Structure formats: C-alpha cells, structure tokens
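*Asks:* As numbered in this note's numbering, residues 1 to 170 make up the sequence shown, in order.
Errors might be hidden in some of the hints.
Claimed, not checked - Simulated DEER-style distance windows between Cβ atoms:
#1 49 <-> 145: 33 to 41 Å
#2 162 <-> 55: 36 to 44 Å
#3 65 <-> 100: 38 to 46 Å
Rather than coming from a laboratory, the hints here were simulated on the basis of the structure.
Here the structure is a predicted model, which is why all the values come from computation and not from measurement.
For glycine and all other residues, C-beta sits at the position ideal for the given N, C-alpha and C.
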Amino acid sequence: MRRSHTASLLALTAVTLAACAKDAGTYPSLARRPAERVSGTAPVVSPAPEATPMPPPPELLDRLDRLVAEARSADARFRQNSPRTRALVSAASNAAIASESWAVATVALADLESQRSQAMIALADLDALYAAATVAGSDSSAVARAREQVIAMVGEEDAVLSELKSQLAS
1 MRRSHTASLL
11 ALTAVTLAAC
21 AKDAGTYPSL
31 ARRPAERVSG
41 TAPVVSPAPE
51 ATPMPPPPEL
61 LDRLDRLVAE
71 ARSADARFRQ
81 NSPRTRALVS
91 AASNAAIASE
101 SWAVATVALA
111 DLESQRSQAM
121 IALADLDALY
131 AAATVAGSDS
141 SAVARAREQV
151 IAMVGEEDAV
161 LSELKSQLAS
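Taking the hints into account, I'd like the entire structure generated from these sequences.
*Replies:* Below you can see the structure in the form of structure tokens.
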C-alpha cells in the first residue's frame, strides 16, 4: 500500500506541475511599461534667501557693557593684588605646610581666586546670553565679542593663579 501511495503522489505532482506550465502566453510581461519610464523634468527651485539676523536690542548692548565692566573691575582688583600675593607666595615657597607664612600666602591666593570668580560670574552671564542668542537665531556677534574679551581676561588670571599655586605647592 505504501508503494501505491507514493506512486499516486508522484502522479498528482506531475499533473499539477504540467498545469502550471500550460499557458505561457497569458502571463504579463516583465518588460518595462511606458508608465514606468522616466519622462519629464522637475522644476528648478531656487534656494530660499538667507535670513538676516535681527540686530541686538539696545537693552542687550547695555547689559553687555555692564558685564564687561564688571569683569574689568574684577580684573583690575586681581592685577592690583597680584604683586602682593606673588611676594607672599615667594616667601612661603620653601616654608612648611601649615606654617604662618604658608597660611598667609594661602589666604592671599584665595583672595585672588575670589576676584577671578567675580570675573567668571560675568563670563557665565555672557555664556548664557550667547547661548540664548544662538538658539534664537539672532545676531550673536556683539555677545561673542564681549565674551572673547572676558575670556581673555580670565585666561590671563588663570595663568597667574596656576603659576602661584605651583610655587606654593613645592
């Protein structure tokens, strides 16, 4: 019986496959149709004009001037106290840690860092204004100029503080 089952299954498969291959002319062609061909062109679109940023309002310019003035004032105090702190740090450079001269030099150095911090507060406000102007898409060049001035001041102060700290640590 198993043999007859296999024979009938093979016969059924052969008949089924023959039915699939019967009418080859009735199937659609796989060639490109006219609708599938590219014909025509897209219109050329000119780019949108660049948006010109609005000039900064006068209130912003006044605030920028105040922040730069605050940073300059802190920088002037820093420069004024810097020679005294240099002298104290030089005197304490070979002193033992926690000695009187070391403690006085450390306090003077902390005062100098405090004056630098006041310039950093102005820089932080300028950074916030710069970020807000950039995100809003407005003209941030005035803020950037003020920011660069304060960054230069703080950079010089950082160099002085770094030098003094290295002298005091040794």
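*Asks:* Work down the list of hints and note, for each, if the structure agrees.
*Replies:* To see whether the hints hold, each was checked on the structure:
no.	hint	result
1	49 <-> 145: 33 to 41 Å	violated, 26 Å
2	162 <-> 55: 36 to 44 Å	holds, 39 Å
3	65 <-> 100: 38 to 46 Å	holds, 44 Å
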